[in-house]
Each structure stands twice: as structure tokens, then as C-alpha cells.
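Undergrad: Sequence:
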Amino acid sequence: MDRRFKIALVTDGRLSGASGKVPSAIHVTPEAYDGGLLAKVRDGDLIRVNGQTGELTLLVDEAELAARQPHIPDLSASRVGTGREMFGALREKLSGAEQGATCITF
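Here our numbering is used: the first residue of the sequence shown is 88, the next is one more, and so on.
These are computed hints drawn from the structure, not numbers from a lab.
For each label pair, taking beta carbons as the anchor points, the in silico distance ranges come out as:
#1 192 <-> 131: 37 to 45 Å
#2 183 <-> 134: 18 to 26 Å
#3 129 <-> 161: 16 to 24 Å
#4 135 <-> 167: 38 to 46 Å
In silico EDC-like pairs for lysine to aspartate or glutamate, Cα to Cα no more than 16 Å straight-line:
#5 127 <-> 99
#6 93 <-> 132
#7 180 <-> 121
#8 127 <-> 151
#9 127 <-> 148
#10 127 <-> 149
Please read these numbers as outputs of a predicted model, since none were measured by experiment.
All C-beta atoms, glycine included, are put in the ideal place defined by N, C-alpha and C.
Please take these sequences and the hints and turn them into a complete structure.
TA: Here it is as C-alpha cells:
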């Protein structure tokens with residue numbers, strides 16, 4: 088923003104310690120890993136962020152978007168190491184952001 092770029096951060100993840108300098112849309116659902124629309128976003132795509140209405144619009148032709156395969160990376164290698172395996176059982180039960188991103192069910 089200080090360099091006069093018009094950018095925003097759009098993620099299906101969480102954002103901790105945000106400075107507030109960049110408009111952000113976080114916890115977007117459904118998540119890319121579950122085949123959400125973010126999995127079809129490619130480098131160079133434009134996304135309109137409307138903070139007043141809470142809408143995100145991917146500015147890609149509908150036919151092109153329908154032809155795209157979602158990009159879902161293989162994350163299996165990052166599940167082991169630096170203590171991550173300790174939380175594997177919880178991670179498998181974790182719900183999406185729309186359901187509270189929790190492993191606790193009632």
C-alpha cells in the first residue's frame with residue numbers, strides 16, 4: 088500500500104497480527120483444500136473485494152473458470168516434523184471455518 092499498489096489479502100486461512108494496512112478477506116469458505124473457489128484462482132487473476140457488501144468476485148470468464156481444475160497441493164509431507172504429528176489426530180477431525188474451525192463436536 089505504501090508503494091501505491093492496490094492490493095488486498097484474500098485467504099482461507101487465519102491471519103494473526105495483521106497491521107491493518109492492507110484490506111483483508113480471511114477465513115474464506117469453503118476452503119481451497121476442500122475444492123472451494125480459491126483453488127481455481129491463478130496468478131494474474133483479478134479479485135474484486137467489496138468491503139461494504141462483504142463480497143469477493145473472481146473476475147474470470149465463467150467458461151474459463153468452469154474449465155479449470157482446482158489446484159489442491161499435496162500437504163502430506165508437512166504433516167510430520169517440528170511437533171506437527173502430535174496434533175495429527177485433532178487435525179483430521181477439524182471442521183471448516185464456516186463451522187468454527189474446531190475439532191470439538193456437541
